[in-house]
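Colleague: Line order of the protein sequences matches chains C and P. The working numbering numbers the first residue of the first sequence as 354 and each following residue consecutively. The working numbering numbers the first residue of the second sequence as 867 and each following residue consecutively.
Just so you know, the hints here were simulated from the structure itself, not pulled from any lab data. It is possible that part of the hints are untrue.
[Unchecked claim] What the simulated footprint calls covered on chain C by chain P, stretch by stretch (three residues with Cβ under 8 Å from a Cβ of chain P suffice, anywhere in the stretch; the number is not a length):
1) 507 to 519
2) 584 to 592
[Claimed, not checked] Derived CB-CB ranges, DEER-like:
3) C:Gln413 - P:Val900: 48 to 56 Å
4) P:Ala912 - C:Pro426: 51 to 59 Å
5) C:Thr410 - P:Leu1150: 58 to 66 Å
6) P:Glu1103 - C:Gly532: 24 to 32 Å
The beta-carbon is built from N, C-alpha and C at its ideal position, and this holds for glycine as well.
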Amino acid sequence: MKNGEREETRETNMTAYILRRLLATIPVMVVVTVFVFVLLRLAPGDPAAIIAGEDATAQQIAAVRGKLGLDRPILEQFAVWIAGMLQGDFGTSIFSNLPVSRLIAQRLEPTVSLTLSTLLVAVCLAVPLGVLAAWKARRLVDRLVMAFAVLGFAMPVFLFGYVLIYVFAVKLGWLPVQGYRPIHEGLWPWAESLILPSLALGITYMALIARITRASMLEVLAQDYIRTADSKGLAASRVLLLHALKNAAVPIVTVIGIGVALLISGVVITETVFNIPGLGRLTVDAVLKRDYPIVQGLIIVFAAAKVLVNLVIDISYVFLDPRIRY
Amino acid sequence: MTLSATLDDLPAAASPLARLGVAVRRNPTITFGVLLLSALVLMTIAAPLFAADPFRQAPINRLRPPSERFWFGTDQFGRDVFSRTVYGARVSLIVGFAVAALASLIGLAIGLVCGYFRRVDGIVMRAMDGIMAIPSILLAIALITLTRPGLGIVIVAILIPEVPRVVRVVRSVVLSVRAQPYVESAIAGGTRNTKLLVRHILPNTLAPLIVQATYVCASAMLIEAGLSFLGAGVPPEIPSWGNIIAQGRTFFQIAPWSILIPGAFLAATVLAVNMLGDGLRDRLDPRLARRL
Chain C
354 MKNGEREETR ETNMTAYILR RLLATIPVMV VVTVFVFVLL RLAPGDPAAI IAGEDATAQQ
414 IAAVRGKLGL DRPILEQFAV WIAGMLQGDF GTSIFSNLPV SRLIAQRLEP TVSLTLSTLL
474 VAVCLAVPLG VLAAWKARRL VDRLVMAFAV LGFAMPVFLF GYVLIYVFAV KLGWLPVQGY
534 RPIHEGLWPW AESLILPSLA LGITYMALIA RITRASMLEV LAQDYIRTAD SKGLAASRVL
594 LLHALKNAAV PIVTVIGIGV ALLISGVVIT ETVFNIPGLG RLTVDAVLKR DYPIVQGLII
654 VFAAAKVLVN LVIDISYVFL DPRIRY
Chain P
867 MTLSATLDDL PAAASPLARL GVAVRRNPTI TFGVLLLSAL VLMTIAAPLF AADPFRQAPI
927 NRLRPPSERF WFGTDQFGRD VFSRTVYGAR VSLIVGFAVA ALASLIGLAI GLVCGYFRRV
987 DGIVMRAMDG IMAIPSILLA IALITLTRPG LGIVIVAILI PEVPRVVRVV RSVVLSVRAQ
1047 PYVESAIAGG TRNTKLLVRH ILPNTLAPLI VQATYVCASA MLIEAGLSFL GAGVPPEIPS
1107 WGNIIAQGRT FFQIAPWSIL IPGAFLAATV LAVNMLGDGL RDRLDPRLAR RL
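Using the sequences and the hints given, assemble the complete structure.
Modeller: So this is what it looks like as structure tokens:
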């Protein structure tokens, strides 16, 4: 086979693979929607009674039930819900009477900013730490990094968030205490409002990435070709980054993807600690008001985000490690 | 020179205490975890003996900083943060242990069945994938939204998203054990499925299951505190660490102790459980230990 032909088959294979992976996300999302729907219907509380309030009459409860469509057959309710979602209609908030999709869209920017900045901060800090720990294995630096990793796993997001606020905002006054500045108000105020939340949200994530980076690097550094590269006199930085890190990348990327789940769960808490008006705050407010169409819609959005991240990770393997067949 | 040895020259048979000493030295992380957890359990049991009433409000003592009288200060209602923190450990420990035990049992059952009966596997594992795609804290929040708050529902809500994680661990062990010659010969010998599962396969899953249970326990404690912190956990009148922190939020800048101290207790407890888990993993599953 000529080289060009091989390239071509590789490309068609790749497209087929991406398509297959894309299709494979459909059953997962179906399970998610069915599960969320059934679970919320099976939950012992009656949403209509909870929404109507403590001392509502039977008529009032029935009225709420009718308004929510809860009096219709369960399969019909499910079909209506799914059909709506496929058209971008996530239902209507019970309290504000606004479409859930619009409420979600309004709150998207702070959450996306927070998640992306956390991702960036965590990867930029944790990967070098892990590489350093593996390079200086069993020395002081390594022990410190590992201690950080163990502590990071035990650190509740809200505790670390409050410690950061107390030290850097209240005592030192370097950064704003709480709140979020939208990006159109200027790049620096925006970034400034994200520093502490990103660190708080990223602590467990960083611990995870640092730990896996170290483990994966240790495995690669024990390989023969690393010894060869070392003995032919290449600079340590070149060996570490070009020869080792590249080959250690697959588990690291995997864990960066898995950890996005941590971020999504952590966003809800971080936004509350730092008073950021994002999707997490929307969730908590909806929970406190028992506005369950919002809660339902948000779960689907978050789950879809998670499935999407997994998809991106799976596809990225192909580029990171050509040996992985699809 | 003669070579002679008497009984006295033999190393003394290790006393139980000495053997304990060796075990402690070999497993520092397990020791640390067990000691810290035992101390916490003791503390919660003995709480009525040394801690003041965690519910007693004394407006005259509002927001007092830590002192000899109030070791950890007081909150905005003049309640003693020390005794609230001590009593709060109960909720975390109950939730952590209950979720870990239940998730292990349910996960073990589902995992054994999925790994062994291939026909069930496909469907059940797709369902598990679906549950795992939902962020656990959101799933728990949604469940609690629709029910009356209470300790039981909090445990169930945290339990559901943890089960698939246990199932995956158990299932992968079953899949690898199934291919072992001794299992195949047992099948060929006509051993009944139940006996095969319980006698030949189940024992292999216990070590990874125990390790996984510790991580589930740690994660459950963190999620419970997170839920209570968000106002979607145990009822606000119960002093749990998450609730104490949630109630301290408004006065955080003038009374940081009512957040930082229960938070530190939570972190230490989770750390102890994780250390126990890491130690057990190193002891029970050396292959995994080398990788991490």
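Colleague: Hint by hint, say whether it matches the structure.
Modeller: Here's how the hints hold up against the structure:
1. 507 to 519: holds (count 10)
2. 584 to 592: That given contact is violated, which follows from only 0 residues of the segment 584 to 592 of chain C lying within Cβ reach (below 8 Å) of chain P.
3. C:Gln413 - P:Val900: 48 to 56 Å: Between Gln413 of chain C and Val900 of chain P, where Cβ atoms are some 55 Å apart, the hint holds.
4. P:Ala912 - C:Pro426: 51 to 59 Å: holds, 56 Å
5. C:Thr410 - P:Leu1150: 58 to 66 Å: For Thr410 of chain C and Leu1150 of chain P the Cβ distance comes to about 59 Å; the hint holds.
6. P:Glu1103 - C:Gly532: 24 to 32 Å: holds, 30 Å
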